[in-house]
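Turn these sequences into a full structure, and let the hints steer you where they fit.
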Amino acid sequence: MRISPAVNMRALISSNQFLHNNDTTLYIRNAQWPELMDLPAEVTISKNVFKFNFAKFIISIGLNEDAKKQFLTFNQQNEVRANTVFDPFPTLPPRSTPYAALVVSSSNVKIHRNCFNNERARYEIGTELERHAKWIDARENNWGFQEVPRFIDKFFDQFNRYSLASIDIDPYMAACNQRMPYISLLNGQFRQFRKSTDSRTLGGIIYENH
Numbered sequence: 001m002r003i004s005p006a007v008n009m010r011a012l013i014s015s016n017q018f019l020h021n022n023d024t025t026l027y028i029r030n031a032q033w034p035e036l037m038d039l040p041a042e043v044t045i046s047k048n049v050f051k052f053n054f055a056k057f058i059i060s061i062g063l064n065e066d067a068k069k070q071f072l073t074f075n076q077q078n079e080v081r082a083n084t085v086f087d088p089f090p091t092l093p094p095r096s097t098p099y100a101a102l103v104v105s106s107s108n109v110k111i112h113r114n115c116f117n118n119e120r121a122r123y124e125i126g127t128e129l130e131r132h133a134k135w136i137d138a139r140e141n142n143w144g145f146q147e148v149p150r151f152i153d154k155f156f157d158q159f160n161r162y163s164l165a166s167i168d169i170d171p172y173m174a175a176c177n178q179r180m181p182y183i184s185l186l187n188g189q190f191r192q193f194r195k196s197t198d199s200r201t202l203g204g205i206i207y208e209n210h
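Throughout the sequence shown, residue numbering follows the numbering used here, covering 1 to 210 in sequence.
To be clear, the hints were calculated from the coordinates, so they are not data collected in a lab.
All clues stand as given, with none of them false.
The calculated lysine-lysine pairs, modelled on BS3-like cross-linking and capped at a C-alpha distance of 25 angstroms, are:
{"#": "1", "residue 1": "Lys110", "residue 2": "Lys56"}
{"#": "2", "residue 1": "Lys110", "residue 2": "Lys47"}
{"#": "3", "residue 1": "Lys110", "residue 2": "Lys51"}
{"#": "4", "residue 1": "Lys134", "residue 2": "Lys68"}
{"#": "5", "residue 1": "Lys134", "residue 2": "Lys69"}
{"#": "6", "residue 1": "Lys69", "residue 2": "Lys110"}
{"#": "7", "residue 1": "Lys68", "residue 2": "Lys110"}
{"#": "8", "residue 1": "Lys110", "residue 2": "Lys134"}
Computed from a predicted structure; not experimentally measured.
In structure tokens:
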């Protein structure tokens with residue numbers, strides 16, 4: 001499904017199954033048309049299943065940055081699981097284009113109460129938004145595990161490249177259950193600038209290691 005640009009609309013994408021696709025399953029993007037930022041858009045994506053797909057990114061969503069009348073909500077237990085995300089340039093470190101299960105390109109997107117678990121994807125969520133002072137709201141989602149160290153490195157944002165926006169995942173859902181989500185805190189755990197398993201490689205924002 002492709003909606004680009006998404007303006008002058010109120011859309012609800014709900015209760016669908018996106019299965020066994022060999023390309024991006026859902027693409028909503030306005031960044032190519034900055035002249036449309038004064039037009040309204042209200043998009044809700046909820047209760048969908050995205051499984052067994054194969055692509056550079058499974059979902060790509062974003063509206064016009066700083067648009068006061070545009071909002072996109074990705075919520076209510078969308079299941080993004082068991083997908084394969086491939087990197088067409090595996091020997092090159094990603095710069096501003098992440099290869100992730102979900103790519104977000106504007107900060108007026110809210111990601112809330114969804115379930116992610118894609119073992120064949122290096123990143124669950126990545127951002128393309130090159131606005132250092134901005135942040136993406138991805139709080140209260142389930143990342144497939146209760147233990148923070150098992151998912152803390154599955155995000156591509158300002159930690160990986162300083163010019164990008166940051167992604168906020170704290171707190172998170174310890175269980176993929178809308179009624180009993182077991183909202184939990186990261187409790188000070190952070191991504192490592194220098195890992196003991198690969199001590200010769202440096203990368204990331206140093207201040208996270210406080």
